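Trainee: Each chain, letter by letter, is given below.
Number of protein chains: 2
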Amino acid sequence: MKDIIKKASLAIAGLSLLATCANGTTELQKVMKRRHLSQQDLLAAAKTYLPSGHRDKYMVFSSGGQSGQIIVWGVPSMKILKYIAVFTPEPWQGWGYDDDTKKILAEGNIRGKKITWGDTHHPALSETDGKYDGKWLVINDKANPRIGVIDLRDFVTKQIVVNPVLKSEHGGAFFTPNSEYILSACQYAAPFDNNYHPMSEYQAVFRGGVTMWKFNDKTGRINVKKSFTLELPPYMQDLSDAGKKVSYGWGFTNSFNSEMYTGGIEKGLPPFEAGCSRSDTDFLHVYNWKDLAKLAKDPKNYKIINGMKIIPISVAVKHHDLFLIPEEKSPHGVDVSPDGKYIVVCGKLDTHDTVFSWKKIKKAIDNHDYIGHDPYGIPIISMKKTMHCQAELGLGPLHDTFGKDWKNGEIYTSLYVDSQVVRWNYLTCKVQSKINVSYNIGHMCGMEGKTETPQGDYVIALDKLSIDRFDRIGPLHPQNEQLIDIRNKKKMQLLYDLPIGLGEPHEAVAIRISKLHPWKVYPIGWDSFTMTPSKYKTLAGQERIVRKGHHVIVYGTVVRSHINPEHVTVNLGDTVTFHLTNLERAEDETHGFTVDDYNVHTSLEPGKTVSVSFKADREGVFPYYCTEFCSALHLEMFGYLLVKDPNKHYVSVKSMKMKKMSPKQLKAQYDKIVATNNATNKVVLGVVKFLKTNHYQKYPLIKQLINNNAMVQYAKVAKQQKLAEKNLKEGKIMNAILFQNEAFQYLVKTATVGIRAQKLLVLKAATPMSPAAKRGHQAYLEGGCNGCHVIGKVSSGPDLVGVLQRHQNGEKWVKEWILNPKKDYHTPYIEALYHYFKMHMPNQGMTGKQVDDIIQYLKWIDKNANLF
Amino acid sequence: MKDIIKKASLAIAGLSLLATCANGTTELQKVMKRRHLSQQDLLAAAKTYLPSGHRDKYMVFSSGGQSGQIIVWGVPSMKILKYIAVFTPEPWQGWGYDDDTKKILAEGNIRGKKITWGDTHHPALSETDGKYDGKWLVINDKANPRIGVIDLRDFVTKQIVVNPVLKSEHGGAFFTPNSEYILSACQYAAPFDNNYHPMSEYQAVFRGGVTMWKFNDKTGRINVKKSFTLELPPYMQDLSDAGKKVSYGWGFTNSFNSEMYTGGIEKGLPPFEAGCSRSDTDFLHVYNWKDLAKLAKDPKNYKIINGMKIIPISVAVKHHDLFLIPEEKSPHGVDVSPDGKYIVVCGKLDTHDTVFSWKKIKKAIDNHDYIGHDPYGIPIISMKKTMHCQAELGLGPLHDTFGKDWKNGEIYTSLYVDSQVVRWNYLTCKVQSKINVSYNIGHMCGMEGKTETPQGDYVIALDKLSIDRFDRIGPLHPQNEQLIDIRNKKKMQLLYDLPIGLGEPHEAVAIRISKLHPWKVYPIGWDSFTMTPSKYKTLAGQERIVRKGHHVIVYGTVVRSHINPEHVTVNLGDTVTFHLTNLERAEDETHGFTVDDYNVHTSLEPGKTVSVSFKADREGVFPYYCTEFCSALHLEMFGYLLVKDPNKHYVSVKSMKMKKMSPKQLKAQYDKIVATNNATNKVVLGVVKFLKTNHYQKYPLIKQLINNNAMVQYAKVAKQQKLAEKNLKEGKIMNAILFQNEAFQYLVKTATVGIRAQKLLVLKAATPMSPAAKRGHQAYLEGGCNGCHVIGKVSSGPDLVGVLQRHQNGEKWVKEWILNPKKDYHTPYIEALYHYFKMHMPNQGMTGKQVDDIIQYLKWIDKNANLF
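So the sequence lines, in the order shown, correspond to chains A and B.
So the first sequence is residues 557 to 1424, counted in the numbering used here.
So the second sequence is residues 557 to 1424, counted in the numbering used here.
Hints were generated in silico from the structure; no laboratory data involved.
Please read these numbers as outputs of a predicted model, since none were measured by experiment.
Keep in mind that the hints are not guaranteed to be accurate.
Where chains are identical, the list cannot tell them apart; a pair therefore holds if satisfied intra-copy or between any two copies.
[Claimed, not checked] Pairs of lysine-lysine residues, derived as DSSO-like cross-links and limited to a Cα-Cα distance of at most 30 Å, are as follows:
#1 960 / 916
#2 856 / 659
#3 658 / 669
#4 1213 / 874
#5 1213 / 823
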């Protein structure tokens, strides 16, 4: 036995892993052999595999690069959970295809121009005391200088703000430790104004800057009026970070063109890439955002350009709020240590990371210890005097992230050119170990690695090239995000390659999932953008079509498996608005809505009320339907928009057919209409009987409705019918048909008004509702029950009159059924119902209290059963 | 020892799997414990985990639902490799943000309206002899009846066609066995014309249909003119499949509203869901597409509506090409067995799948054995007589896929309501085993399961709800695609849950990856939409800016790490076009391009030439840059678009500054300009010397250039300088500066023309190139070498004059270096070069032959070194 174990065992960290037993290789071994997996591969699989329904530990929010989105995935499973639409229209989410999201996107218009994409770069999570609080997420757009704000209750973008003075914006977004401000730096210097200036005026007019966006952590909105921009020289500012603890109140931003080179390859000059990297050092900008924020309150300290407060360089210098420190040439990342004591700058074109000591910087600032001033008058502090240490890391150090043992110096840096991650110690500047990545890593994501609480066993390499890592899909390759296990200090282990098939993740932040508290469903009739009840909330039974001039407004509902209304007829040229409420209460019961060929679409998560508007600019018949596969009857969940030209005379195909009919066929047609009229009249008489029995005259409103409206319509019926009979006798059968049709119109109008009166009378005539029954009625409506059940009638679901009597221990049965319908799905009774209605009772997520109230409402119904 | 093994071993299929050794639990066991993994989980991990750089066996193409895209992933790894943009603009790919892709999207305009999304449903891969040939992929849009065609050489959409008669299109796309046609059926019946018709004319005017799109398998394009539509009754046609082998030439389409119910819930009528499922059966449509295609060639058999040929029902019936067979009520999938002998229809609202026998159907057709006719005159064939068998599967059978043992009846069906996959036998109609999925499975994807060659060990459940499977991300949940191992007939195993965080995959097709042959890079200067050389191809050295009236055309290049040109100045109101060629030959070296605030973006894969146009409608300074993180100097890869208002007078900041200058400062300014002029004059004199030495007068074109252009400009210099000196003497220093500036303008113009003449002269004066050197010159240009190397000058890369002499065994060294630069990256010489140029020589993917030719070209350069 020992021999067998020995033979089959393979070493991982010195321990035996696999054994065969007497009857041969295990199934696992067979699979490993078949799939060419090594022991290390198996270990990596075990470290990342997430069985169905299990949970990840961290959630990553990565920018989507040029997709203009944010990508959300779990760690360690590396499963992508969502693409959050931010700057780019995305129809699955309805983003930019319904009224509400069009409004958010329009906030991002620049100088009146619609911008329908973004080059997202740096996501940031809101912080309280320097730690992630799981409430808000922001992201910048480099190409069109904007910031998007995402609400982590529903993972939806709620605000877009435009930077009116910068022309590109790369070095953001970075929250200050209590989310007071979002720092966001310019990239390519340009004039703050919107005018033409020649390249020769680069030094004179082109400017960089850092915008401090004021953030309200309660509402999750940027306050543009309270925000300001610090003017900076045209040094091409790059990344930033905010100080923490001892360095709290300060901001740090580096730069890559302190040469102020202006390019011109087409004129035979060296290209930008050469000119911008001529000098051996560039500048780290050090500024006191807290002091500057105070200055920005006094108009003498700022000028206003394009509506944005600008604090000029001279003002910042005068108040000792802005300094420069030389740093390795054309650096990239700048990262403040969790205790705020060190600022780590990556060399990019240098092989070093430089660790600056905040204490030393502060001392130089306090002592006015400058080595000179730049051409714009900004004091320059000595690099040598403020440096803590410098580490030789390799080629192309780009970005850092701190590890959980940061107190003892644990830090990781990406090496772009070497395609490696290096673990080193930022206190001693000693390199510890390296791991190869595939390939050309840009940013790197540690678990909460940019906060005061770095943690976890992983870093993620955001590789820019994947080259040969994946199956080929043509010249455009996916990106490659690699999960690396950092438990073993001496030897990091590559765990997983995640291809990104849409977008180029630039930077990512990771948060412990337990800090997030997303909503499961919206309250019924919810406006998810203001996060308040919608003014267009529509419950079952409240559906209606309202015309206001040339605007047709549909208040509709959606519920498995119908859209109410199903027919909407409008005139060519009308504006049509659908306000739709999803009545579902069950998690994940999302519906969608589109009108064919009208380029609108929306996603209706449970409870949400959404609006969709468009101009009915083409005549015709346009199906609309639910676009989410919501139930077995999903395909049957549709309706028709009919767009009629009011200036056109339509010849009915039916009447054309009638022209070709024989007298016998015409008589049959006449008889059919008479039969319909008789049936309709029966409905009217039924209503009349109900009204009289229940003394409708006692109630003025109802009396008025009947006498002044219904009776007037009804009186016209007999006249039309007489005319019909007269024409019939005279052999004018076509006319007879038309008069009977007219009678039908009056009958329908009578019935409509009568039924409205009947409904009102029910409430008057019935016994009064107890407070509990009233609450129950409300819960019944808000819970969407009305979507399938019609009281007094078998509809898409059974009639609920008598439901408490139909079952033994009726109240108990009903309560359990509502709270957990699934458990009874296979009882014979429910199976029979299923076969009739073709739909199961869904779990609408009611509380026990709500169900108790509903039972009181059902009792009230039973007491008044005669009225329904 | 035995005891320890026993204690630790866990049974999988009766085999012992894990063992501890004497010194405790293994690392694997620790990981499993920490992550709560069972033995089954570990096995599933081993079956799906794909180590870095390994390859998958199958590639899945799934529709993206309402995202309007296609999602590509690998099996068994379930890693998403790409979202292919089809109907929806997607900026990462440049889709809809550059000229070329805007054209493709515009093909999808409907009645003049731009439609910017699609509800993609059913992808299909092109077939040869009923087997996937890996060449083309098509997908339908349900909401806006269209088809998109994707080229699998580069996984890019190449065509969009609009169906001009259908108003929604669900039941497509399905290829016929040799990709002759793509079948695509209507969903919601509507009038074929574009006019208003009331709902009451549903039976008279509303119609369904199946469009047979003619496909050219060579060009990969749909030929709209050769396509036609078979008119069908308004039965709400659903899915389709094409017959195979014995049933080749026939098509099968089912339906769900043979009731012809027209809805009207808002009028108190039962909703569509109830009315459409009233009858116990609907109709399977059986039609002979091959015969119909012949009929469609004779105008007497069709009418034309909105430009589409329509074969009326009556014509199809008359020619015995259309039949109906009753099928279980409101069915969903219809699937033809790999041998074409059986047609399997899923019940959806019935618990059965019905297997029809093609032999029996054909017999009834041949014998005119009908049980009646529908109201439109279509013969109805008996269900009973044509049925092979019927299987009771469970609640909500939706879709089928065949297994590799299909000859013995292996088939899988999704059960929507039961949330299960059932394995059964379509020959015996016996159920074999079931597995639960999470939750509400729609379509199902077997490996090539819809072709004549079903294979593989997996089916994928495309679940519509995920509910509790993943970490919560708010009310909108991801979808859940579950990989199921079907090796074990008696017990299927769930392997992997893949969340889809963007879009709702509706249907998917899987192909063996070895059948695909995607390109790695494009040939240089390639138009990827026509797949031919681009007429805008621009090589290094050919960059230019051309003005044609109000159109400014930039012929530019991109290469690590610059865009050429770097400055583009235009007038407000100009139309600007950038034709850009990516000079890279290395795989995955994609660049991107955007102009800030102008809402354009493009993705430039290696070799591609793309065009980006926009109107310069706002004055100002707009950076443009490479949006892909392409090299360490990526941030430095940018330029400026300067938009000048031609009607505005600009006051130079410099001249304003001069006004404030002291006489001494002004004199310094004057001296600076004189120095610049002297330096420029030296360049001119150098050129003149070169021209004279090489006898430029001998060449008429060059002579003309010099005498009629350069000399004319140069003659003006002296005059301006004299005026400057005169003014200086008179103390009019401001004027003196202006005249020197003027002199500078003429000097620059002289130099520009002179250098052009010099370049021409080099070619004339040099020794003639051998054919090999000529080829080498071409390879040098096409290979993008010119992007970094300038002959005779150190530029972004070293000067290549003398490169063969600089190295021992120069030719050998250069050849090896070009073919595999990476291996020398860490030699001291190359490291030194790297430190100077900050960029490594990339592997441009040259062939040995090409490099040999380039060496001949370099030899030619050396021979004529005096000319450079």
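Trainee: With reference to the structure, classify each hint as holding or not holding.
Mentor: Taking the hints in turn, this is what the structure says about them:
no.: 1; hint: 960 / 916; in the structure: within (25 Å within a copy, 72 Å between copies)
no.: 2; hint: 856 / 659; in the structure: neither (36 Å within a copy, 53 Å between copies)
no.: 3; hint: 658 / 669; in the structure: both (14 Å within a copy, 18 Å between copies)
no.: 4; hint: 1213 / 874; in the structure: between (91 Å within a copy, 23 Å between copies)
no.: 5; hint: 1213 / 823; in the structure: between (78 Å within a copy, 26 Å between copies)
When held up to the earlier numbered hints, the structure conflicts with hint 2 and nothing else.
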